[in-house]
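Chains as they are written, first to last, in the working numbering: chain A, 337 to 612; chain B, 15 to 442; chain C, 1120 to 1348.
The set of hints was computed from the structure by calculation and includes no laboratory data.
Be aware that a few hints might be false.
Taking lysine-lysine pairs in the BS3-like style, the calculated list, with each CA pair at most 30 Å apart, reads [claimed, not checked]:
1) K547(A) - K1124(C)
2) K168(B) - K115(B)
3) K1186(C) - K342(A)
4) K1224(C) - K18(B)
5) K1186(C) - K609(A)
6) K1191(C) - K608(A)
7) K547(A) - K1137(C)
Every beta carbon over 10 Å from chain A, so not counted as near; a handful from chain C, in silico [as the list claims (entries may be wrong)]:
8) R1225
9) I1276
10) F1286
11) I1339
If you're wondering where the values come from, they're calculated on a predicted model, not measured in any experiment.
We treat Cβ as the ideally placed atom computed from N, Cα and C, and that holds for glycine.
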Amino acid sequence: MMRYLKLTNFELSRFFKIYLVLIGVTFVMQLLGVVFTSNKYLSAIKELLESGMTQEEALKQWGPFSFYNVTSSFWFFAPVALCAASLIIYVLFIWYRDWFGKNTFAYRLLMLPTARINVYFAKATAIFLMVLGLISLQIAFLPIESHLLQSIVPAPYLEEQGINQMISSFDSLRILYPTTFIEYLTHYGVGLMAVLVVFTGVLFERCFRWKGILLGVLFAGISLIVFFLPVIIQEFVLVQFFYPTELFFLMVLTGLIVMTGSILMSNYLLNKKIRV
Amino acid sequence: MLVKQFWRLISLIIVIVVVLVTYFVHTGLVVAGQFPEFIIKTVEGDESVIKNVEIYGDYYRNDQYSSPVTISNTGSFYFAEQSYFQRLESSFPRNEVSKLKEKYRGFMRGKWDYPTSYFENEKFLAYVDLQFSTRVLQTNYHQDYSLYVDVLNKSTNDSSEFKVTIPGQEGSEYFDLVDVQMTDELLKVIIKIQSYVDGGQNFAKLNVYTIDPSSKKLIGDETIGSTEEENQENVNRWHNIELLNNLNDMHEEKNLLVMKEELEESKASVDENIAQDDTASEIINRSLYIFNLDSLEMKELKVSETLKEELINANLYSDVMISDNQVYLAYLLDGKLTVLGFNLETYKEESKVSFDVQEMGVENISDVTLKNDKVYALGLYKDNLTTANVFVGDVTSGKVLYQGEIEAKNTKDNEDTYHLEMYDLIVQ
Amino acid sequence: MIEVKDVTKKFGRKPVLKGVSFTANKGEITCLIGINGVGKTTILNAIMNLTPLNSGEILIDGERINKHSYEKIAFIPDAITMLPNMKISDAMRFMADYYQCWNQKRADEMIGFFKLNPNDRISTLSKGNTAKVNMLLGLAMDVNYILMDEPFSGIDIFSREQIADVFTSHLVEDRGVIITTHEINDIEHLIDKAVLLNEGVVLKEFNAEEIRESEGKSVIDVMREVYLK
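All chains should be built: construct the whole structure from the sequences, respecting the hints.
Now the structure itself:
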């Protein structure tokens, strides 16, 4: 357990500088986004006022400014996309850097006096915590950014939004911010499952190289089928047989099966098939 | 020492836990505070009259968010307040089928949520689903319609499911399952069929198919009424045929109230040269019939000329009530809500009561419900300036039993701009 | 005792080890010698369970390798395996963190012996110093067995001398050492046992001292006989 925690902490520290840079870039770019989008809006309003319009008329023409104008801008979305892309790439890179780095650190990790699956768990935990961390920090940034917005845009032009309204205007990112705890668990549970399956795929490649890519893809395909088996049955075999709650729990079950399968397979590969 | 070594892990976990806990608590509070409480407040009359009444509508706030809601005399319940699993499991608001799903979980598997498809009495629970498969005949698509039947014997808990094809489908375009009934252990499935004749007009007919669940065979095919002949007479006029029974009611009802309407393309639309597809129509005749499922006979209700005129001009509500050998029909005309009663043996008008609902403030009626010898009327719209009223009257005595309005509790009237749209008044 | 029993290993279809067997005892330096080809490194990797075998078995003190074995056997690969951005002190802390058998006192002693600066980053070290750190990380573990893969390859002559000194010191005393090399000169006088490999087969396994005494041959003489036959 202690070694697992140490390894997790170690994996975190290996990416921590880049991680902090990602957080910083997100924060700074979003603050800049608040400044730029609100200034653009205010100068448009100012132009209308100078042309002789009243405040009401100007408001009617442009509508009030809300945080939605910020969240729908490039400045807000780009760093979020950057963070997402970085972490997705790092899901692969967290393994390959141990083999293809300047020094082959894989030797060190595989010769630790602890079950090798702990390395797998530590890497998965590190990825997962970093994702949750970014999600959390983004929530924490929102009130700060909203505060800045309030100090720039005068009250009559500003439509105030609560955090939940800001989040619900994310649209495509809505899935990252569920409103109920159970949805949160299922969304991120599925995310964790995907990470574990991809890890197993990487290990297949590391064990069998070219042939391993094929096996990895096959494994991922089987995992996908197993996970969606209840839905497949519901659609094609026992049409509409399951009640939604039953379907939910069946998918929790198949999800757990896929996760267990990934862990067992990875454990086997790490102990019996891995090579440096 | 440990803290120093694990500071990254520890701080990351602290950030995640603190932010997420705050977020969920905050969200919970926001959701709880987002939706004001509404009740049906009694203005006049006995509150016990609306004890089993539930109003269904949508709540909108500032064009920012909305949620379906049910309102009763004790309070309101929003769709958004449901737990995750409640949201998954049942329709909102819960209907008769939701209750059946709890009671007969095995039998109800894979069955749709439409009350129309069900029939229930003490011995049986029957389900009929209209199914179709599409095949391509040369260049035309052709739908093959069939009926999937499943009947549960409540005492033995056995169910028998089977499929029968609907005979005589040629030339028919569109099938619609209207009602399922059962008499003498025979299923009567009522289907509305719309057809299109080449170069001619649409016409509709109501058919009743008799199915014997014990032999799993279709043993009867009767046409209740058809508009085929009438519709070929005049291009600018056409007929429609409709069933006015409460189709969501799953219980036994041998008498069907059938309405035939004659419509004419209104002159106004021709004159004003509006878009061709957008032709307006005008009702020029309405006649009512009773079809008895036992005798398979149809008789016209005897309606006086003055009443006929009223019926043509009135806003007629479907979902009639049948009680004590009488069929009750409600309509709105000139701000008055009228309930007619016809005797099912003599086919004559037996009672007529009117309520001046406009005077009582019930305007823009969204729904009228007849149940338990009472007529219920519901207003359409409420915001912080407009009120939506609820009205209940006795259809036999003509007495006003209850007047009430939907009231918002704890809203900051000046700050909040919201509105409610009402759809349904459900009497349990 | 490390027992390598009838080990075969293929890379794809190409056999690299064709039924290799030998033993290495505690307190002895066993040298795996091969003129060319792979195989030697593969044997060490196989002992450490860093590569799967096609058949055969390897036992360490009678046990198959497991997670506890890594507290009893240290592997010093031909290149350092610590991350380049680590300081020497970080690398040592990493070892101390995970291995109970890590002996910090001995590590400090070797820092002095090799004249290394613990604050230097691994990426900035010379080849010779990198090899010394690599050596240090393995030798500072209180283990029964040490495997070394080509410890002298590509290193300047003075570093070689320093590393060679290690073999006569208390640092390897009482331990079982398996060392691979393709040039025997630097350590010929040190080795107790030689295993001559060629094309995945053990050609000869012999005790260096015995053969010196009984037949008056050096290891190189035997190699000449075996490989040039």
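Status of each hint after checking the structure:
At roughly 29 Å between alpha-carbon atoms, K547(A) and K1124(C) fall within 30 Å of each other, so this suggested pair holds. For the proposed pair K168(B) and K115(B), the alpha carbon gap of about 14 Å is at most 30 Å, so the pair holds. Of the pairs offered as hints, the one joining K1186(C) and K342(A) holds, with about 16 Å between alpha carbons and a cut-off of 30 Å not exceeded. The straight-line distance between the Cα atoms of K1224(C) and K18(B) is roughly 23 Å, inside the 30 Å bound, and the hint therefore holds.
This hinted pair checks out: K1186(C) and K609(A) have alpha carbons roughly 15 Å apart, not beyond 30 Å. As the CA atoms of K1191(C) and K608(A) are separated by approximately 20 Å, the hinted pair is consistent with the 30 Å bound. Between K547(A) and K1137(C), the direct Cα distance comes to roughly 23 Å. Compliance with the 30 Å bound is thereby established for this hinted pair. Every CB of chain A is more than 10 Å from the CB of R1225(C) (nearest about 18 Å), matching its label as outside the interface.
Every C-beta of chain A lies more than 10 Å from that of I1276(C), the closest at about 24 Å, which supports listing it as non-interface. Residue placement check: F1286(C) keeps its beta carbon more than 10 Å from all beta carbons of chain A (closest about 22 Å). The Cβ of I1339(C) sits about 31 Å from the closest Cβ of chain A, beyond the 10 Å cut-off, so the non-interface label holds.
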